[in-house]
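**Student:** In my numbering, the protein residues as written are 29 to 484.
Hints listed in this document are in silico derivations from the structure and should not be mistaken for laboratory results. Keep in mind that the hints are not guaranteed to be accurate.
[Claimed, not checked] Pair by pair, the computed Cβ-Cβ distance ranges are: (1) Gly229 / Asn75: 32 to 38 angstroms; (2) Lys301 / Ser200: 17 to 23 angstroms; (3) Asp264 / Asn150: 14 to 20 angstroms; (4) Val224 / Trp369: 22 to 28 angstroms; (5) Ser314 / Gln91: 25 to 31 angstroms; (6) Asp222 / Ser314: 33 to 39 angstroms; (7) Lys228 / Thr283: 48 to 54 angstroms; (8) Tyr128 / Asn98: 16 to 22 angstroms; (9) Lys78 / Asn150: 33 to 39 angstroms; (10) Asp411 / Glu236: 40 to 46 angstroms; (11) Asn277 / Glu413: 54 to 60 angstroms; (12) Arg240 / Pro444: 44 to 50 angstroms.
Even for Gly, the Cβ is constructed at its ideal location relative to N, Cα and C.
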Amino acid sequence: MRKFTTFLISILLVSCMMLQLCGCNRNRADEAYNLCTLFCEDVKNGNPDKLMTYFNGSDITSQELNEIINPSGLNSEEASVAACIKESVKYKVQEPVYDYKAKTATVYISWEQADYNSEAANASKTLTELKTAIITAPTNIITVCVTVDLNGEAPKIVNPKDVIDAVYAYNSVYSSVDFGIMPGILSDFYKDGDWVMATKGVYTNTKEIGVRLGFKKELMDYRIIPGLIYTVALGDKVIYTSDVISLKNNSIKLTLDSEMTGPEGLNEDGFLKDGKYTIMVFDEHSNDIAVFTCDIKNEEIEKDVIEFEEYSDDHYLTEAVYEFKDDDLKSKTIVNKSGWWDYDGTSVGKSAFGSDTAVLGFSLAVNQDNDTELYYEYYFSEDAEFSDINEMKPVYQMSCKPSKYKDQSCYDLDYPSTNIKPGFYGLVVYGDSSKKHIVFIAACMVVEESSYEATG
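Work out the full structure: start from the sequences and follow the hints.
**Tutor:** In structure tokens, the structure reads:
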């Protein structure tokens, strides 16, 4: 009986010791788990000062650690993508395996991170496309094994750098051409630039100025390049600021024209005003690239002389009478769709109307992308010679831009009137508001009888 009692007590003692040991092991494993969870949260947040507390003083310097997490020299695009990848990071701490003899715990940590090398990411051509591809990409799983030393008063992770290196490995790929982001800033790739069509940086009587910039050829090796912005100042006043412009090749022309300035930027002859113009070029993050200065010195110009060729009445009846005075307007005009327009069924020929017409109008069909304003006048002459026309006052004057139609645009150069007399009418079209530069002329005849009498 005594032997049995002794045996039972021994079993109870061993059981108690085992339970105590298991409880001790459980507590140590919990310490390791809690430490790793706290560490992972600090790794995810990327605070170098907090992460330094996991290292011995001789393991790594604060500067070296910060360089892994927040590398110096990242440009805006690289930093934006880094933030996007960092945002995707999640972690899961596995159950520690405790070695009671060595008093260490082995802990596996699984990290989820967006696949920044996915097919969609590698096909991205803009920063927005790349970030969208990262956000929507399936995640990669990164597993890191850490050892927690439990010999001291406080638990200590033996290999914290292994985790940090694995999680922040993406910070080493930006300089790779395969990743597609241009390194550095755009000015690093700027080569040269100069004014276009300006001898010694001086323009005369111009409606447009511009500079052409050249960049190094290797810039085009990258898929994601910041855009350009440029401003134009007349004297000390900025008169134009561009939108962000994408670089499609390593050469680009930046301009200022009369449409950009509006009428307030033009002199009475329709040219850009005299003065000193400065074009300042930046990347879209406001980093300077280049500055160019030119002068505009306008010369007084004489008004073009109005001349109409004299034709017989039969010519007005059988031909469309007009003449281009400007090659640029001619190149934009669809000639076979242009001519005198019969609004009210009063036409009696190609360039002739009955006296009952209420509108004389020439339709000048042009390409749909043309939006330049033209200025026009109608003159009246009793004979086809238009004698002394340069001393006459026009019977009608107006300006217009093209009206948009389905397959073309048209300048509707109309003269509406309730008193259109028989005789000859000359249409003079100018390219400038001062009406000095004639770009187009046309003429028509109004016959004595009504269109009904002429055709009835």
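**Student:** May I ask you to test the hint 25 to 31 angstroms on the CB atoms belonging to Ser314 and Gln91?
**Tutor:** Holds, at about 28 angstroms.
**Student:** Range hint 32 to 38 angstroms: satisfied by the CB atoms of Gly229 and Asn75?
**Tutor:** 53 angstroms, violated
**Student:** A range of 16 to 22 angstroms was offered for this pair. Does it hold for the Cβ distance of Tyr128 and Asn98?
**Tutor:** Cβ of Tyr128 to Cβ of Asn98: about 40 angstroms, so the range 16 to 22 angstroms is violated.
**Student:** Verify the CB-CB distance for Asp264 and Asn150 against the hinted window 14 to 20 angstroms.
**Tutor:** Because 47 angstroms falls outside the window, the suggested range is violated.
**Student:** Starting from the hint 33 to 39 angstroms, judge whether the C-beta atoms of Asp222 and Ser314 obey it.
**Tutor:** 23 angstroms, violated
**Student:** Could you check the hint for me, namely that Asn277 and Glu413 are 54 to 60 angstroms apart, CB to CB?
**Tutor:** Given range 54 to 60 angstroms: holds, Cβ gap about 56 angstroms.
**Student:** Just to be sure I understand the hint, the distance between the Cβ atoms of Arg240 and Pro444 should be within 44 to 50 angstroms; is that true here?
**Tutor:** 46 angstroms, holds
**Student:** Tell me if the beta carbons of Lys228 and Thr283 are separated by a distance inside 48 to 54 angstroms.
**Tutor:** Given about 19 angstroms between the Cβ atoms, the range is violated.
**Student:** Taking the CB of Lys78 and the CB of Asn150, does the distance hold inside 33 to 39 angstroms?
**Tutor:** 34 angstroms, holds
**Student:** Quick check: does the Cβ-Cβ distance between Val224 and Trp369 fall within 22 to 28 angstroms?
**Tutor:** At 39 angstroms between Cβs, range violated.
**Student:** Measuring from beta carbon to beta carbon, are Asp411 and Glu236 in 40 to 46 angstroms?
**Tutor:** 42 angstroms, holds
**Student:** Is the distance from the Cβ of Lys301 to the Cβ of Ser200 consistent with 17 to 23 angstroms?
**Tutor:** Since the Cβ atoms of Lys301 and Ser200 sit about 53 angstroms apart, the hinted range of 17 to 23 angstroms is violated.
Hints 1, 2, 3, 4, 6, 7 and 8 from the list above are not met by this structure, while the remaining hints are.
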